[in-house]
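Residue numbers (the numbering used here), protein chains in the order written: chain A, 808 to 919; chain B, 731 to 844.
Possibly wrong hints are sitting among the right ones.
[Said to hold, decoys possible] Incomplete in silico selection of chain A near chain B, CB under 10 Å:
1. Met834
2. Gly849
3. Gly865
4. Thr893
5. Phe897
6. Tyr906
7. Gln908
8. Gly911
9. Gly913
[As the list claims (entries may be wrong)] 25 Å max Cα-Cα, derived PhoX-like pairs, lysine-lysine:
10. Lys816/A to Lys787/B
11. Lys816/A to Lys836/B
12. Lys864/A to Lys836/B
These aren't lab readings, by the way, just hints derived from the structure by calculation. It should be emphasised that the depicted structure is a prediction, and the values quoted were computed from it without experimental measurement. Quick reminder that beta carbons are idealized off the backbone N, C-alpha and C, glycines included.
Take a look at the letters that make up each chain.
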Amino acid sequence: NAGVTQTPKFQVLKTGQSMTLQCAQDMNHNSMYWYRQDPGMGLRLIYYSASEGTTDKGEVPNGYNVSRLNKREFSLRLESAAPSQTSVYFCASSVTRDYEQYFGPGTRLTVT
Amino acid sequence: GENVEQHPSTLSVQEGDSAVIKCTYSDSASNYFPWYKQELGKGPQLIIDIRSNVGEKKDQRIAVTLNKTAKHFSLHITETQPEDSAVYFCAASDSGGGADGLTFGKGTHLIIQP
């Protein structure tokens, strides 16, 4: 039981490049989330998926797109990376809303 | 939307003493309040949570209190140990129709002095 896994762990992009961050959970959770963490800012919700086939914007969705590929997988895509997207990205999952969210180990992204 | 304020941003206590971290929230509809601990290089991990129908919850050395009227909740750690050193985040969630994700405070860096 691996919990929540994220790939890659580290990534460096040049401005304008695109990439997809992958997330998978093996706990049969319905809800999945993408957060970004910046120094002194806590964690901020980018997008979430309440169930397979649904996605909704969070607090800071601009510049990102998501896909809930199936119940296990939830990916985050940066179409044209900008330096302001330099951050640590965390994926999380929960049985449903208002239950414990389990976080992955994070992806550290640097955009130059 | 919800706004969560967390204080202090840094807290240094002597090993064996107690530590208290406080949070306030703005949305009276919020009804779920978890606390997360984050160690360096890792994702946040839930340590305790409380729902709005409960005023206090305790788990060994950790306790959380909730005052719905004042819209604030606190984390209490007693008999602190070196392994308690980490960043702690409070969060709030509204299950009544708001976004499904949590709104986090900005974190408290807890330092346990030997």
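Outcome of the hint check:
For Met834/A, the interface hint is violated, the least distance from its beta-carbon to any beta-carbon of chain B being 13 Å, above 10 Å. With a cut of 10 Å, the hint placing Gly849/A at the interface with chain B holds, because the nearest CB-to-CB distance is about 4 Å. The closest approach between the C-beta of Gly865/A and any C-beta of chain B is roughly 5 Å, which is under the 10 Å cut-off, so the hint is satisfied. With a least beta-carbon distance of about 17 Å to chain B, the hint placing Thr893/A at the interface is violated under the 10 Å criterion.
Of the supplied interface hints, the one on Phe897/A holds, with its beta-carbon coming within about 5 Å of a beta-carbon of chain B, less than 10 Å. With a cut of 10 Å, the hint placing Tyr906/A at the interface with chain B holds, because the nearest CB-to-CB distance is about 8 Å. Checking Gln908/A against chain B by beta carbon gives a least distance of about 7 Å; that is within 10 Å, so the hint holds. Given hint, Gly911/A at the interface with chain B, holds; its Cβ is 6 Å from that chain's nearest Cβ, closer than 10 Å.
Evaluation of the Gly913/A hint against chain B yields a held restraint, the C-beta minimum of about 5 Å falling below 10 Å. Note on Lys816/A and Lys787/B: the hinted pairing is violated, with a Cα-Cα distance of about 35 Å set against a maximum of 25 Å. Between Lys816/A and Lys836/B, the direct Cα distance comes to roughly 23 Å. Compliance with the 25 Å bound is thereby established for this hinted pair. With a C-alpha separation of about 21 Å, the suggested pair Lys864/A and Lys836/B falls inside the 25 Å cut-off, and the hint holds.
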